Amino acid sequence: MLHFGIRTKLKKIIMRAGDENFDLIIEPNRTTADFLRELIKYRELFFFMAWRDILVRYKQTVVGIAWSVIRPLLSMIIFTVIFGRVANMPNEGAPYPILVFSALLPWGYFSNSMQLSAASLLHGGAMISKIYFPRIILPVASVFVAVVDFLISFVMLCGLMLIYGYMPSPLFFLLPIFFIPATMTALGFGFWFSAIGVKYRDFQYITPFLLQMGMYISPVGFSSSVIPDKWRLIYSLNPIVGVIDGFRWCIQGTSVSLYVPGFIISIIVSIIIFIYGMKFFRATEKSFADYI
Amino acid sequence: MLAIKVENLGKRYLLRHQRHQRLYDLLGDYVHRISRRLKNPLAERSKPANVEEFWALRELSFNVEQGDRIGIVGHNGAGKSTLLKVLSRITDPTEGRISLKGRVSSLLEVGTGFHPDLTGRENIYLNASILGMRRNEIKRNFDAIVDFSGVEKFLDTPIKRYSSGMQVRLAFAIAAHLTSEILIVDEVLAVGDMEFQKKCMGKMDEISHKEGRTILFVSHNMGAVLQLCKRVICMEKGHLTLDTNDVNEGVQKYLAMSSSANLVSEWKNPGNLYDDENFKPLRFGLYDVYGNPLSASVRHNDKLYVEIEGEVKEPAQDLCVGYAMHSQQGTLLFWTYQSDQAESKNELPVLNGHVCLRSRVPLEVLNTGEKRLDLSINLYNKKWIVQPGSGEQPKISFNLEGPLNPSPYCVLRRSGDFAIDNNWKLI
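Taken in order, these protein sequences are the chains called A and B.
For what it's worth, numbering that gives the first Met the number 0 labels the leading residue of the first sequence as 0, then goes sequentially.
For what it's worth, numbering that gives the first Met the number 0 labels the leading residue of the second sequence as 0, then goes sequentially.
Note that these hints are calculated values from the structure, not bench results.
If you're wondering where the values come from, they're calculated on a predicted model, not measured in any experiment.
Heads up, some of the hints might be wrong.
Derived lysine to aspartate or glutamate pairs resembling EDC-like cross-links, with alpha carbons at most 20 Å apart [as the list claims (entries may be wrong)]:
(1) A:198 with B:52
(2) B:159 with B:116
(3) B:229 with B:245
(4) B:229 with B:242
(5) B:229 with B:210
(6) A:40 with B:94
(7) A:285 with B:91
(8) B:4 with A:26
(9) A:278 with B:91
(10) A:198 with B:91
(11) A:58 with B:155
(12) A:285 with B:94
(13) B:4 with A:201
(14) B:4 with B:94
(15) A:58 with B:116
(16) B:138 with A:43
(17) A:40 with B:136
(18) B:229 with B:265
(19) B:236 with A:22
(20) B:197 with B:210
(21) A:285 with B:136
(22) A:198 with B:51
(23) B:381 with B:313
The calculated label-pair distances, taken between Cβ atoms and stated as ranges, are [stated by the list, open to error]:
(24) A:169 with B:160: 49 to 57 Å
(25) B:205 with A:175: 46 to 54 Å
(26) A:286 with B:420: 51 to 59 Å
(27) B:160 with A:259: 53 to 61 Å
(28) A:175 with B:155: 31 to 39 Å
(29) A:201 with B:34: 21 to 29 Å
Positions of the beta carbon are idealized from the N, C-alpha and C atoms, including for glycine.
With the hints as extra help, turn the sequences into a complete structure.
Structure, rendered in structure tokens:
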């Protein structure tokens, strides 16, 4: 009986949506009611887009992969020299290059994926003005390139640990969990910047600048334990702080203690950024084709 | 059964006159608005003064039955492309409502989403999935697509190495294998060589006639509309001006509407030009069989006359008055003079006083397209009074519309400047 009741109710809803059994109604300001269902319908396009981006990126294999190796390597050397040697920051029981690299990994992933997703709409401009598909596919699919870059860097980290004979902690396997807030923050910003960038082209120049600023205020080159305790909670408002701390905690294990309140704040902030970015994107996506 | 129902559709664009493109302007505008709000919190939000409204579509309503093949015609800027964009969900309508039944594929430009660095094979998968094909559908149709496009030798070559013709062929081949119930097509046949265009038309024909799918087709090629469609919707300034199942009538009406402004059918001497005592041209124009100035395009079997009115103060035996006809591309087709009518020497009447000459335009030998007529007046081998082709001379023009004849195999424009009348017989 209950089952039957739900069925008729559903039917009524469907009947109201389309008077004569139409599959789709287009009206002003009508956001697709079943956003998720549409995403599932277009899941193949999503993978095709990700596949295309990766293919294009690594088509000239030598250059593509070399670039993803050289960039983090150089950053690591610079940070190690400046923060480890010159500024003599505490290393928390791990070789300084590993300390730096375990932060460069999430930071590189975050900044790559945010930059790619912020630029995705402008790169896909021709498609947006010619074909319909859920627009959100573009910023989300572009993150996959950053994932591949991340995996390459990850292999480098493993190599680094071998060189230093450094045993990672058993928490190492929790690493993927911290991927989630990093992705959410990157996507939240990516949604927002890509949607604004459609209308205001200046934004494509602002993102790299903001990311560079972000790298200096995030604990990439140093451990966040150098921040005075009374500031740590506020410092954690930067969601990447939580991600980097989490990564270090997984790699360096119990030698660093995870600052839990800060971590929770970081997670909450990343969720807020994601939801807000998504909302903004959904609210503006209908007009993309008019501006691009 | 209805496939598409369009009710009271409108799409408004705000033209911002090149402002607001920069963030700086946006911030300035915000500050301005907020400060005004603070000064007078009760004032209504008004739209900024530098924004102008433009309705690309307005109060548009029509229904499309399943299996209909509709040709949407209209001038540039009539709103056809906007309509297709709204129908295919690329942009949102401002008012009204569209109800759709079945999957919709839109083909507003062939090859959208092609990536130059990827191979032909990779691009087939990518483009087909962008157009809404499922992976197993693509796999199933892969060979047919390759076959139709004729690029099988280059499947593993990046398409940046393809010729543009090959890219277009590949793109159309993918689009032609879409399986959606409603197909929205915008002017894609305007690309590729004649042979491929024919192939495309054949494929479109097959899709619509045999498979009974709904097609919305925008084109400026009336031949293609005549061949493909069974209903014509004519648009003007965002409104629907004609909706008819009589395709011939629809095309005719559209052509009548499209006697474009740059076609001048009559020239009149403003008073002091070419003030020659041997012949001063006063009027040079094109007229229909009733003597009315030409107001629309002409067809192959219409009758069309050129009239030249002038004044002769000093009669000359060797005066030649006529015109030179040029094709749309500027090729000289022929010269003709009133003196051509002489049957023997010295039999030509000498023009004197106020004269008016008339000559029938040999439409039956001309191919379709725009034709330009330059006035040409001279004293034979002595002097030019009005020299054709100089750019300054009085010129009039008309448009000869196809198809040349009712044959289903003569719909696209034939090559060549001339097209002879039907003189074939089965013997």
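Structure-based check of each hint:
For the suggested pair residue 198 of chain A and residue 52 of chain B, the alpha carbons sit about 18 Å apart, so the restraint of at most 20 Å is met. For the given pair, residue 159 of chain B sits about 6 Å from residue 116 of chain B by alpha-carbon distance, which is consistent with the 20 Å threshold. Using a Cα cut-off of 20 Å, the hinted pair residue 229 of chain B and residue 245 of chain B holds, with the two alpha carbons roughly 7 Å apart. For the given pair, residue 229 of chain B sits about 11 Å from residue 242 of chain B by alpha-carbon distance, which is consistent with the 20 Å threshold.
Using a Cα cut-off of 20 Å, the hinted pair residue 229 of chain B and residue 210 of chain B holds, with the two alpha carbons roughly 15 Å apart. Between the alpha carbons of residue 40 of chain A and residue 94 of chain B the distance comes to roughly 27 Å, so the proposed pair goes past 20 Å and is violated. For the hint pairing residue 285 of chain A with residue 91 of chain B, the CA-to-CA distance comes to about 6 Å; that is within 20 Å, so the pair holds. Of the supplied pair hints, the one linking residue 4 of chain B and residue 26 of chain A holds, its CA atoms being roughly 12 Å apart against a limit of 20 Å.
In summary, the hint linking residue 278 of chain A to residue 91 of chain B is supported, as the alpha carbons are separated by about 18 Å, within the 20 Å threshold. Between residue 198 of chain A and residue 91 of chain B the alpha-carbon distance is near 16 Å, which keeps this suggested pair within the 20 Å criterion. This hinted pair checks out: residue 58 of chain A and residue 155 of chain B have alpha carbons roughly 13 Å apart, not beyond 20 Å. Taking the CA atoms of residue 285 of chain A and residue 94 of chain B, the gap is about 14 Å. The hint holds against a cut of 20 Å.
Distance hint between residue 4 of chain B and residue 201 of chain A is unfulfilled; the C-alpha atoms sit about 41 Å from each other, more than 20 Å. Of the supplied pair hints, the one linking residue 4 of chain B and residue 94 of chain B holds, its CA atoms being roughly 14 Å apart against a limit of 20 Å. Annotation: proposed proximity of residue 58 of chain A to residue 116 of chain B holds, straight-line Cα distance about 8 Å (limit 20 Å). Distance hint between residue 138 of chain B and residue 43 of chain A is fulfilled; the C-alpha atoms sit about 13 Å from each other, no more than 20 Å.
About 14 Å separates the Cα atoms of residue 40 of chain A and residue 136 of chain B, which keeps this hinted pair within 20 Å; it holds. For the hint pairing residue 229 of chain B with residue 265 of chain B, the CA-to-CA distance comes to about 36 Å; that exceeds 20 Å, so the pair is violated. About 30 Å separates the Cα atoms of residue 236 of chain B and residue 22 of chain A, which puts this hinted pair outside 20 Å; it is violated. Under the criterion of a C-alpha separation no larger than 20 Å, the hint pairing residue 197 of chain B with residue 210 of chain B is consistent with the structure, at around 19 Å.
Between residue 285 of chain A and residue 136 of chain B the alpha-carbon distance is near 29 Å, which puts this suggested pair outside the 20 Å criterion. Distance check on the hinted pair: residue 198 of chain A and residue 51 of chain B sit about 18 Å apart at the alpha-carbon level, within 20 Å; holds. Only pairs whose Cα atoms come within 20 Å are accepted, and residue 381 of chain B paired with residue 313 of chain B is accepted, the gap being roughly 15 Å. Distance hint for residue 169 of chain A and residue 160 of chain B: a CB-CB separation of about 52 Å, consistent with the stated range 49 to 57 Å.
For residue 205 of chain B and residue 175 of chain A, the Cβ-Cβ distance of about 51 Å falls inside the hinted range of 46 to 54 Å, so the restraint holds. Separation of residue 286 of chain A from residue 420 of chain B is about 54 Å and conforms to the stated range, judged on CB atoms against 51 to 59 Å. About 57 Å separates the C-beta atoms of residue 160 of chain B and residue 259 of chain A, a value consistent with the hinted range of 53 to 61 Å. The hinted window of 31 to 39 Å between residue 175 of chain A and residue 155 of chain B holds, with their beta carbons roughly 36 Å apart.
Our hint of 21 to 29 Å for residue 201 of chain A and residue 34 of chain B holds, since their Cβ atoms are close to 23 Å apart.
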